[in-house]
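Undergrad: Here is how the chains run, residue by residue.
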Amino acid sequence: MNLNFLKGKKILITGATGLMGTHTLLRLKELPDVFVRATVHNRGSFVGASNIAYVKADLTQADDCERVVEGMDYVLMFAAKIDRQNLSGDSTLQTLDMNAKMMKAAHNAGVKKYLWLSSATGYPSSSVPMAEDDMFRDDPHESNFLLGWTVRFIEKLCEAYALKMRKPMPVIVLRPTAIYGPWGDFDYATSHVLSALVRRVVARENPLEIWGTGDSCRDFIYVEDVVDACFLALERVERYDVFNIGSERANSVKELLSLILEIDNFPDAKVVFDGSKPAKAPAILVNCRHAKDVLGFEAKISLAQGLKKTIIWLRNTGS
Amino acid sequence: MRKKLLICGATGFIGRNLAEHFAQAEGFEVYGTYFKSPPLENNKIKMIYADLTNRNDVERAIEGMDVLIQAAATTSGAKDIVSKPYYHVTDNAVMNSLIFRAAFERKVPRVIFFSCTVMYQSGEVAMRECDFDANAEMYPNYFGVGWTKVYIEKMCEFYSRIGPTQYTAIRHSNIYGPWDKYDLEKSHVFGATMTKVLTAKDGRIVVWGTGEEERDLLYVSDLVHFVELAIERQKTKFGLYNVGLGRAISVAELVKKIVVISGKCIAIEYDLSKPSLKTGLFLDTAKAADELGWAPKVGLDEGIRKTMDWYNTHILSTRRLLN
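Chains W and C supply the protein sequences, listed in that same order. Numbering follows the working numbering, in which position 149 of the first sequence is assigned residue number 149; successive positions increment by one, without gaps. Numbering follows the working numbering, in which position 315 of the second sequence is assigned residue number 315; successive positions increment by one, without gaps.
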């Protein structure tokens, strides 16, 4: 898409070394008229370009938030703390803490647009795709109860800053489904199901033992599509709004795995499903009509195309 | 063996009433935290200095406790509350998360959390716990605090599922009684009215608006009694309960009652230039009755009388001494 509307703007990207941050910077490095400040915490990959300045920051510290947001026009809030192994809620609550501090600092600094990359994990599990207004139909699935409620609460905070302050700050919330792609998180401790499966197949793990029955359904979206959605939202949305961002395709873990095995040419894999292991939400699916109507957004990359790119990248980086 | 019971926020209105009650009761060794206010002076209550937004202080305070009653709220945002009401909304969520997580890790058997009732819509019928509608627009002034309380209730539910701790979340109505705030700057409608009536000099008091707004008012000892029953009788791992008188009284009626009970001759004026909302809320407390056998014992007239006696002894006499 055309990014001319960003000319002369100053953009803060938090979580810049993660999957979304890296792909956003790869897009922005082609635009010398856009000044980009990118926050790094303690890990990640870097995109070298004269218009990108990396700064080290711990966004759970209010001082760091104030320092990095100063003078910025737009904020893309991608930073989050995810830990799928420690279930005590620690990482989730750190995510809440950083969002609260960043939003406060951005409001104080007079940021013109603030985009929070929320998540479809706030939705209840449902085999019928959920529209934006369906979030509170039920609790999130037990396996992401606290994360789901935290996502909902941070969205309420976004709503408050955008609609209920005397001096409001335009905030846009995107609820992407499961994002994947090169530079993704392939660490077993923190990655989601797609990245973990890709890594295990590429490593030729055999037999492949899969937790659960393999029937749970997800909507997987390629990272480039979500980056498009972010830029479309920044360009076209002026006041508080919430958008589902997904591929609108439902794939079971079984289907996903057979596609990966096919693309990576591993027909001899022996797959064992262990139904006794704790179940994930049966289905988290979204309806993206609102994003299509308002943003003109539609996912372009199919799961097969996206997986191909991801597998090639992983093979080349030698992980 | 006596149970170790910790009250976080023991110097506040509800915290102090709980601490003093349990200090007299059988079977408890009572601890309380204090931070900005001076510690309670009661040799049956062991006071612990703790900043509950600090992880180390939280862990030190809850070490070895059997029952943790969370009645503390952060106050850091007081000066921003009008102009920037959302700057500090998450402070309480973060503080409670520290406390609950520490309770999870140290396997504290029992946690009680005080929620509120501002998440309910105003209505003509008694609200049940399940009547909270997350899709309905929350009353604007309560948006931040309402959602924060709902979120913290969900945290209680979450921690009750992943660990051994049993949780109670209490949606209580407007509580009044001894040790509430009575200075006109910080007090709520009950405390403010009590102070206005008992200190009226020129034989009149002014009520803001039409006084049609209705409240469910509960005397503090009934809330304390609820906590006692919940500790003793709750069977479920997580319990969410409405606790209120179960009926609504308008502010205008309340003012009249307080004036009559005071025995003073005072004219009531309504300042109609001030905003007033015709809102009303009262609670259906059938769940607390069915599961715990709880019912309020102190009616409004009796509660007003008790509070007035306390006010005359503790506040007016102090004031006279100072003068």
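Keep in mind the hints are simulated off the structure, nothing from the lab. Predicted model only: the values in this text are computed from it and were never measured. Hints should not be assumed to be uniformly reliable.
[Stated by the list, open to error] Computed list of chain C residues with no C-beta within reach of chain W, every gap over 12 angstroms:
1) Lys84
2) Thr90
3) Val94
4) Met138
5) Trp147
6) Val150
7) Ile152
8) Glu153
9) Gly163
10) Gly203
11) Glu213
12) Val260
13) Ile268
14) Lys297
[Said to hold, decoys possible] Derived lysine-lysine pairs resembling DSS-like cross-links, with alpha carbons at most 30 angstroms apart:
15) W:Lys167 / C:Lys84
16) C:Lys107 / W:Lys112
17) C:Lys287 / W:Lys277
18) W:Lys56 / C:Lys3
19) W:Lys81 / C:Lys181
20) C:Lys237 / W:Lys280
21) W:Lys280 / C:Lys107
22) W:Lys112 / W:Lys164
23) W:Lys292 / W:Lys164
24) C:Lys264 / C:Lys274
25) C:Lys257 / C:Lys44
26) C:Lys3 / C:Lys44
27) W:Lys277 / C:Lys4
28) C:Lys44 / W:Lys164
29) W:Lys277 / W:Lys292
30) W:Lys280 / C:Lys297
31) C:Lys287 / C:Lys297
32) W:Lys29 / W:Lys309
33) W:Lys270 / W:Lys309
34) C:Lys274 / W:Lys277
35) W:Lys167 / C:Lys274
36) C:Lys186 / C:Lys237
37) C:Lys107 / W:Lys81
38) W:Lys9 / C:Lys84
39) W:Lys270 / W:Lys308
40) C:Lys3 / W:Lys164
Backbone N, C-alpha and C fix where the C-beta goes; we use that ideal spot for every residue, glycine too.
Undergrad: State for each hint whether it applies.
TA: Hint by hint, here is what the structure shows:
{"no.": "1", "hint": "Lys84", "in the structure": "7 angstroms, violated"}
{"no.": "2", "hint": "Thr90", "in the structure": "4 angstroms, violated"}
{"no.": "3", "hint": "Val94", "in the structure": "5 angstroms, violated"}
{"no.": "4", "hint": "Met138", "in the structure": "9 angstroms, violated"}
{"no.": "5", "hint": "Trp147", "in the structure": "4 angstroms, violated"}
{"no.": "6", "hint": "Val150", "in the structure": "8 angstroms, violated"}
{"no.": "7", "hint": "Ile152", "in the structure": "9 angstroms, violated"}
{"no.": "8", "hint": "Glu153", "in the structure": "9 angstroms, violated"}
{"no.": "9", "hint": "Gly163", "in the structure": "8 angstroms, violated"}
{"no.": "10", "hint": "Gly203", "in the structure": "39 angstroms, holds"}
{"no.": "11", "hint": "Glu213", "in the structure": "21 angstroms, holds"}
{"no.": "12", "hint": "Val260", "in the structure": "40 angstroms, holds"}
{"no.": "13", "hint": "Ile268", "in the structure": "33 angstroms, holds"}
{"no.": "14", "hint": "Lys297", "in the structure": "35 angstroms, holds"}
{"no.": "15", "hint": "W:Lys167 / C:Lys84", "in the structure": "9 angstroms, holds"}
{"no.": "16", "hint": "C:Lys107 / W:Lys112", "in the structure": "46 angstroms, violated"}
{"no.": "17", "hint": "C:Lys287 / W:Lys277", "in the structure": "36 angstroms, violated"}
{"no.": "18", "hint": "W:Lys56 / C:Lys3", "in the structure": "48 angstroms, violated"}
{"no.": "19", "hint": "W:Lys81 / C:Lys181", "in the structure": "40 angstroms, violated"}
{"no.": "20", "hint": "C:Lys237 / W:Lys280", "in the structure": "22 angstroms, holds"}
{"no.": "21", "hint": "W:Lys280 / C:Lys107", "in the structure": "26 angstroms, holds"}
{"no.": "22", "hint": "W:Lys112 / W:Lys164", "in the structure": "16 angstroms, holds"}
{"no.": "23", "hint": "W:Lys292 / W:Lys164", "in the structure": "27 angstroms, holds"}
{"no.": "24", "hint": "C:Lys264 / C:Lys274", "in the structure": "26 angstroms, holds"}
{"no.": "25", "hint": "C:Lys257 / C:Lys44", "in the structure": "36 angstroms, violated"}
{"no.": "26", "hint": "C:Lys3 / C:Lys44", "in the structure": "14 angstroms, holds"}
{"no.": "27", "hint": "W:Lys277 / C:Lys4", "in the structure": "38 angstroms, violated"}
{"no.": "28", "hint": "C:Lys44 / W:Lys164", "in the structure": "46 angstroms, violated"}
{"no.": "29", "hint": "W:Lys277 / W:Lys292", "in the structure": "38 angstroms, violated"}
{"no.": "30", "hint": "W:Lys280 / C:Lys297", "in the structure": "47 angstroms, violated"}
{"no.": "31", "hint": "C:Lys287 / C:Lys297", "in the structure": "16 angstroms, holds"}
{"no.": "32", "hint": "W:Lys29 / W:Lys309", "in the structure": "21 angstroms, holds"}
{"no.": "33", "hint": "W:Lys270 / W:Lys309", "in the structure": "24 angstroms, holds"}
{"no.": "34", "hint": "C:Lys274 / W:Lys277", "in the structure": "61 angstroms, violated"}
{"no.": "35", "hint": "W:Lys167 / C:Lys274", "in the structure": "24 angstroms, holds"}
{"no.": "36", "hint": "C:Lys186 / C:Lys237", "in the structure": "36 angstroms, violated"}
{"no.": "37", "hint": "C:Lys107 / W:Lys81", "in the structure": "25 angstroms, holds"}
{"no.": "38", "hint": "W:Lys9 / C:Lys84", "in the structure": "27 angstroms, holds"}
{"no.": "39", "hint": "W:Lys270 / W:Lys308", "in the structure": "21 angstroms, holds"}
{"no.": "40", "hint": "C:Lys3 / W:Lys164", "in the structure": "45 angstroms, violated"}
When held up to the earlier numbered hints, the structure conflicts with 1, 2, 3, 4, 5, 6, 7, 8, 9, 16, 17, 18, 19, 25, 27, 28, 29, 30, 34, 36, 40 and fits the remainder.
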